[in-house]
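The lines below spell out each chain.
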Amino acid sequence: MQLNPSEISDLIKKRIENFDVNVEAHTEGTVVSVTDGIVKVHGLSEAMQGEMLEFPGDSYGMALNLERDSVGVVMLGAYQHITEGDTVKCTGKILEVPVGEALLGRVVDALGNAIDGKGEIDTSETSPVEKIAPGVIARKSVDQPIQLGLKSIDAMIPVGRGQRELIIGDRQTGKTAIAIDAIINQRDTGVKCIYVAIGQKRSSIANVVRKLEEHNALAHTIIVSATASEAAALQFIAPYTGCAMGEYFRDKGEDALIIYDDLTKQAWAYRQMSLLLRRPPGREAYPGDVFYIHSRLLERASRINADEVEKLTGGKVKGKTGSLTALPIIETQGGDVSAFVPTNVISITDGQIFLESDLFNSGIRPAVNAGLSVSRVGGAAQTKIIKKLGGGIRLDLAQYRELAAFAQFASDLDESTRKQIERGQRVTELMKQDQYSPMSVAEMGVSLHAANEGFLDDLEVNKVLDFETALQAYMKSEHADLLKTINDTGDYSKEIKQGIQSAIEAFIKTSSW
Amino acid sequence: MSELATLARPYAEAVFKRAKESGNSAEWSEKLAFLSAIMQDDGLSVIVNNPKVDNEKLTQLMQDICQDQLEGESLNFLKLLIENGRLEFAPQIAELFEKYKAEDEGYIEVDVITAYALTKAEEQSFATSLKKKLNKHVNINSSVDSSLIGGFLVKAGDSVIDGSISGQLQQLAKRI
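Going line by line, the protein sequences match chains A and B.
Residue 1 is where the first sequence starts when you use our numbering, and the numbers rise one by one after that.
Residue 1001 is where the second sequence starts when you use our numbering, and the numbers rise one by one after that.
For the record, the hints were derived by calculation from the structure and aren't laboratory data.
A portion of the hints provided could be inaccurate.
What the hints assert, rightly or not - In silico DSS-like pairs for lysine-lysine, Cα to Cα no more than 25 angstroms straight-line: (1) Lys1017/B <-> Lys89/A; (2) Lys1136/B <-> Lys89/A; (3) Lys89/A <-> Lys1155/B; (4) Lys311/A <-> Lys1131/B; (5) Lys93/A <-> Lys1155/B; (6) Lys89/A <-> Lys1120/B; (7) Lys1057/B <-> Lys89/A; (8) Lys93/A <-> Lys1099/B; (9) Lys89/A <-> Lys1020/B; (10) Lys89/A <-> Lys1079/B; (11) Lys1133/B <-> Lys14/A; (12) Lys509/A <-> Lys494/A; (13) Lys1174/B <-> Lys13/A.
Keep in mind it's a predicted model, so treat the numbers as computed, not measured.
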């Protein structure tokens, strides 16, 4: 944002005019020691847990350990200029970040400051980063789908609005790719997205921003970034910051999707802070409350009922439910899901999308392991057409997996076994999908219908994807209205079924793939 | 600093309880102040912290220094401190003792810092208004610091009331 000198003096004039001189009363303490981002402060007898403390040089810290004679403070940002004997002031406030529509399309740090060089963010509202999740009475069950735009996920592991679905896998298995596709697919749905990057390289974040921009998906997205070079405290609070920004939309009756990429690194940051604060280490050197940092965060992803929205907006929004869907990401080491943090998060979430490097390397992308992936609540939220067709796909794949291992040894197979294996191979092939090309419900419906009705069985396996591409192009040019009806209603009625069937039959006659 | 307070606390509590029982807390306060004053002497602290000086010699030395100041219980207290190797905490013990005493008697030490010296009447009005605010009798220690430019700064324990011009200028600077 460029200002000319006269504007600057106007701005200063306005601020001086609005400045009311008041006597400031606060509690003070003195710095006793400074070590690795942890400051011990003597005094501050009235400090609250999690309170923001003001240090000289316009820097802030968060009070975490309240002891009898001292307070253990984690610095939010640089701490090198703090010396023994500095005075520390209480601000009387729990950490707050700006929230609102103005944040959409922006990249912010863990404290909500813009870091994309597009100038200040014009928001008046703020929200505390740590809030208690909505209560039982305020909630509504998950019964609307959120489409991630990936065939394999929407058909077999559906996610509903307000659900928490874990994306888990080793490094380089396409975890972030699924998240980015999910954001891109929300372009026209009105779902606001928040992407929280924790402990990642700055270059990867720049990449994500560029890709979202390329696919017109940045305008409905907030990116919260706490990179690997930032203080552990910032990496720790970044997910809560993002969650507060998402809750703003949830609480005014809209739908939001938040992605925590990834919570393993947040747990590492918290472990670092806890060990430096001399809290006793437990399993894998994590502190005792490492479960709670994730459970309280993910519990805030929820669907709230219309009454609660009405109450929270002061009666301005009526008859609309709000939701915050969370897709936390966990990176495993060597496929070990029984490590401490992965098991914790698996138990907290409503299901997981399990990605495998073997599948990824054999070219099945997204590398979803359909057997180990589950969605505990999404089934109730699935669109009718996907629900009907997805069931068949899931079954085909399950039978295929069982037979595939066995079939490697036996050369002669009976007719039905061979058929099942062939169907499985084709369905597996069909589940492949390029990155950055999410599909609509209708497109998915057509592809799944083709698989279910056996149209793929006569094709060679390596032709399946070509067939699908050509079929989709044909449907788009010849049957756009049918696709539109499916997208609008989500139904799989007799007419729609018949419509798809005859369209595919007509397409096969052209044999243009 | 905070660790020292933790170590000094049981001693201060014990002395305070004993002083309250025997009803001579003013006397104890004087004696502890004396002890903490001599412990702040550089030469003495070197001797106290020297591991080669054994407890007997140290007791003799301290007794010689405090001859006519300490007797009876306070002398026993001195011996106890030496025996436990906690003599160096005397200043902290004295400080905590004063805090307990002030809490018990319902008054609070307040530092009032102003840019110009206060008149007696001004000090009186500070005392009455602070008494109202803090719900305690106040003992005002006033001092002058010209860097405040104008106004006042009140410090009562951890809490600070900043009504100084320099403080307001800082607020303004932050705002702009």
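### Task
Sort out which numbered hints this structure fails and list those numbers smallest first.
1, 4, 6, 7, 8, 9, 10 and 11
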